[in-house]
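Trainee: Sequence:
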Amino acid sequence: MSTALRSTLQKDVFAPDGDRLMAVAHVKNEGKKKKKEMFLCLVVSTETSISIKLALIKASDDGFKKKEHFKLQDVTIVDGIHPRRATTDFEMNILDKHFKLSCATYDDKENFIKQMFKMVNLYLPVQKPDFINVSLPVDEPIGPMVLNDLNDSIVKENFGDYQPISAKEESDFRKMLDSYQLTIGDAELFSSHLTERVLELDEANMESIRGSEHTVPDVINAIDSALDREVRMIEEILNDFDGKLAFMNESVELMEEKDSLANQEKKNQRLLLEELTNLINSIDSVCAEDLFILENASLNDPAAVNACTHAAKAIQALIKEQSPLSQMAAYASHLNKLNKVTDVFVDKLLAHLSPLFSNSTGFSESDAYELSLRKQSQRFHALNVFSDLILWLKQTRHGVYQATIQKYVESTKIVYKRDLANFFDTLNRHLLKGASISEKAKASTLSKSTLSSDRSLSSRFTDEENHILQLLDTALFEVSSVVETEQKFCTRFFHVHTDIFSSIETQSLASNDSNSRLMDKQLTDQVRIIVAPLFDAVNSHLEQFAASCCRQNAFAAISLFVSMSKKIGMYQNTASYFSVIYGRLMVLVKRQFDQFMEDEMGRFRDVKLVKRTRIGILDSIDRFYTLAVVAEKAILGAERRNDLDRWYIELTNHLALIINTVAMSQYSKSPPTVVRFENFHHFYSKLSELKIECLDSKRKETKKLYQENIKTYVKEHMGRPLEKIHQFFERIERAMDSGMSAEEVGYQTQFSKNELKKVISAYPGREIKKGLEQLYKKMEKHLIEASPLLQVVWRNMQDEFLKQIKHYQTLIGRCYPSSKIDLEVTIPDVLQYFSEIAQQH
Numbered sequence: 001m002s003t004a005l006r007s008t009l010q011k012d013v014f015a016p017d018g019d020r021l022m023a024v025a026h027v028k029n030e031g032k033k034k035k036k037e038m039f040l041c042l043v044v045s046t047e048t049s050i051s052i053k054l055a056l057i058k059a060s061d062d063g064f065k066k067k068e069h070f071k072l073q074d075v076t077i078v079d080g081i082h083p084r085r086a087t088t089d090f091e092m093n094i095l096d097k098h099f100k101l102s103c104a105t106y107d108d109k110e111n112f113i114k115q116m117f118k119m120v121n122l123y124l125p126v127q128k129p130d131f132i133n134v135s136l137p138v139d140e141p142i143g144p145m146v147l148n149d150l151n152d153s154i155v156k157e158n159f160g161d162y163q164p165i166s167a168k169e170e171s172d173f174r175k176m177l178d179s180y181q182l183t184i185g186d187a188e189l190f191s192s193h194l195t196e197r198v199l200e201l202d203e204a205n206m207e208s209i210r211g212s213e214h215t216v217p218d219v220i221n222a223i224d225s226a227l228d229r230e231v232r233m234i235e236e237i238l239n240d241f242d243g244k245l246a247f248m249n250e251s252v253e254l255m256e257e258k259d260s261l262a263n264q265e266k267k268n269q270r271l272l273l274e275e276l277t278n279l280i281n282s283i284d285s286v287c288a289e290d291l292f293i294l295e296n297a298s299l300n301d302p303a304a305v306n307a308c309t310h311a312a313k314a315i316q317a318l319i320k321e322q323s324p325l326s327q328m329a330a331y332a333s334h335l336n337k338l339n340k341v342t343d344v345f346v347d348k349l350l351a352h353l354s355p356l357f358s359n360s361t362g363f364s365e366s367d368a369y370e371l372s373l374r375k376q377s378q379r380f381h382a383l384n385v386f387s388d389l390i391l392w393l394k395q396t397r398h399g400v401y402q403a404t405i406q407k408y409v410e411s412t413k414i415v416y417k418r419d420l421a422n423f424f425d426t427l428n429r430h431l432l433k434g435a436s437i438s439e440k441a442k443a444s445t446l447s448k449s450t451l452s453s454d455r456s457l458s459s460r461f462t463d464e465e466n467h468i469l470q471l472l473d474t475a476l477f478e479v480s481s482v483v484e485t486e487q488k489f490c491t492r493f494f495h496v497h498t499d500i501f502s503s504i505e506t507q508s509l510a511s512n513d514s515n516s517r518l519m520d521k522q523l524t525d526q527v528r529i530i531v532a533p534l535f536d537a538v539n540s541h542l543e544q545f546a547a548s549c550c551r552q553n554a555f556a557a558i559s560l561f562v563s564m565s566k567k568i569g570m571y572q573n574t575a576s577y578f579s580v581i582y583g584r585l586m587v588l589v590k591r592q593f594d595q596f597m598e599d600e601m602g603r604f605r606d607v608k609l610v611k612r613t614r615i616g617i618l619d620s621i622d623r624f625y626t627l628a629v630v631a632e633k634a635i636l637g638a639e640r641r642n643d644l645d646r647w648y649i650e651l652t653n654h655l656a657l658i659i660n661t662v663a664m665s666q667y668s669k670s671p672p673t674v675v676r677f678e679n680f681h682h683f684y685s686k687l688s689e690l691k692i693e694c695l696d697s698k699r700k701e702t703k704k705l706y707q708e709n710i711k712t713y714v715k716e717h718m719g720r721p722l723e724k725i726h727q728f729f730e731r732i733e734r735a736m737d738s739g740m741s742a743e744e745v746g747y748q749t750q751f752s753k754n755e756l757k758k759v760i761s762a763y764p765g766r767e768i769k770k771g772l773e774q775l776y777k778k779m780e781k782h783l784i785e786a787s788p789l790l791q792v793v794w795r796n797m798q799d800e801f802l803k804q805i806k807h808y809q810t811l812i813g814r815c816y817p818s819s820k821i822d823l824e825v826t827i828p829d830v831l832q833y834f835s836e837i838a839q840q841h
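Counted from 1, the sequence shown has number 224 at position 224 by the UniProt record's numbering; the numbering is strictly sequential.
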């Protein structure tokens, strides 16, 4: 902390109060959102007795102002946070306050805490704060100082940089005084003697320097002369050595040149011999028999095909070989002859392969079932013989190789198109043959009569749905088997992987995983280029089959979607082309599933009321229940049901909206509350039977809705059976609300006991029972026939009526104490009335 700041704080802040600043630290309050800069000061007050204080000084435009101050004995804890880490933060507990402070530097923090520790040990015999996580000074004072020693201690603090002289320095100083015959008091005279002595010594020093100037040039000349002699001697020696080395260097270079020429001559002779030997061996590697085999190739015999493969590879090895001697006319003529032979052989090979690609009728399958795709194993076996020759074509004539692939695709595509058409025709016939539900009972046009029995309806579709799923499994199995078999054959037969492996090996092996993924992707892409055109017709056949299933049974959209969702993990192999086919079918089935749910939601809205009628229970609730039963049975055991749960929520929300809409219809003869609580109760019962987890909150909400509507209906249609009594006590309650006490009510003319008796006498027991019987009959007309909620609503009526009776009895007891006035009927009477009416009906 700067001396100027300490001086300013002492002068402007503490001097007017007679205080002395002992230590100051520039701090920030970390405990507040706005970290304001302040000065934490340690102050000593000596006006009457020693008082040590801590003060927080705030800097402002007008100067420094005291913000807070505390006595040192109020400090309970000083925490340095970490004793070994140079942190600027520390904490203090003062009375009931906790301060989190941060100094500008670590030294400021350490100096301030040490000074505080010293002052605590000097002036606080008791109530000392605890110093934790701080490095304390070793020389701790053991007792307090008296007041008279305060100024001395302050002087020591302010002149801490002063150091006393040593004993030797003091002895030398006294000798000097004795030499001048002076005492300690003659300071000015001693100073003048010292000044004169210094001047004399300076003069002597200057004279010495001036006296030695003429000898300096001689010294310099002597040094230069010695250096010149030594340099000339060294140069002569070096010139002699350089001449000898130059002669030796010329001799060595001459010898090296002769040796290099001799070695080069030997190397050239050896290389020429090797080239001639290799050329002769290469020419000899293709014998006359190889040419004869290719010129007279018999491709119907597997052994002959192998011989042709060996001969073709031998010729290719010779043609591929690069040699400086290949420019010779004889060698070029020989290569031209070999190329003509191989060209003729290639034409013969392609002519032989073309019929094999498309001649599927020549291969019969003995183990063929009605619901199965014809396997191509015999065709594959016949073509596998030529696999090595296809590889030879790929390596030697890439254009011919690509044309062979194109020819194979065009021919095989026709074969599969015919086989797939026959297979799916048979599959569709089985679909129609296995239908167990007539056209008029199809799920897409379900009549209201069929919805009366939920579980029987869902069970009626079980056999048909199982039949549909079996056919779907058959289709997927047969198509996947054929596709994967064809893909494996094309990969091996056309050697798709060979060029990919070679290209990967030539690349840098920075990451084995990345190279593996790259190779798999390239292999998959190249195989799909061949396989995809072969099975163009598969997608359309599968889509048509799925659509036929949904037309046969609308609920099949759910079964197909759930079944395919369960199997999606089986067909996630991206290397297989069937995963692409399955993915497209999955998207289509998902679209059909969503469309089915949309159609069902539309049928919920199909509630037509053309004339006033009692609505009763909506068919849409039973329709939803049937749908959910079928869906839950289909999805049993599936891990993924998010899509179905999402539709459940949408359908139930829409169904609740339809109930509210129908309840408010102008054609409804039933009260809206009755329509709501009957349908919501039925809806709640169905949701409780289903026990679907995602609809649990909807079930609770539906229960709450039907209960709330029952209460609303009770309040709306029960009315006020004791109308005059109600009006009488309503006026009493208003009077009491305006400030009249209960004891004063009976003394008012309009609320006298006679008036009360007159009102009560208007409602004998038989009149009340008669009114309740009329209420029950009215309620029976509102609710559906044999409604399970009839007794529930009647019980709510009873509770509401008893609540009114108890309220009137309470007011009579408060306002007319000891009057012995009571209603004509008691609570047991009312309970008996309600029970008798319920039993009669």
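Fair warning: there could be bad hints in the mix.
What the hints assert, rightly or not - Lysine to aspartate or glutamate pairs mimicking DMTMM-like chemistry, simulated, CA-CA at most 20 Å apart:
no., residue 1, residue 2
1, K53, D172
2, K758, E824
3, K711, E780
4, K58, D17
5, K704, E693
FYI, nobody ran anything at the bench for these hints, they're computed from the structure.
Trainee: Hint by hint, note whether the structure agrees.
Mentor: Status of each hint after checking the structure:
1. K53 x D172: Status violated; Cα separation ~47 Å.
2. K758 x E824: holds, 11 Å
3. K711 x E780: Holds, at roughly 16 Å.
4. K58 x D17: The hint holds at about 17 Å.
5. K704 x E693: holds, 18 Å
In summary, the structure is inconsistent with hint 1 from the numbered list given earlier, while agreeing with all the others.
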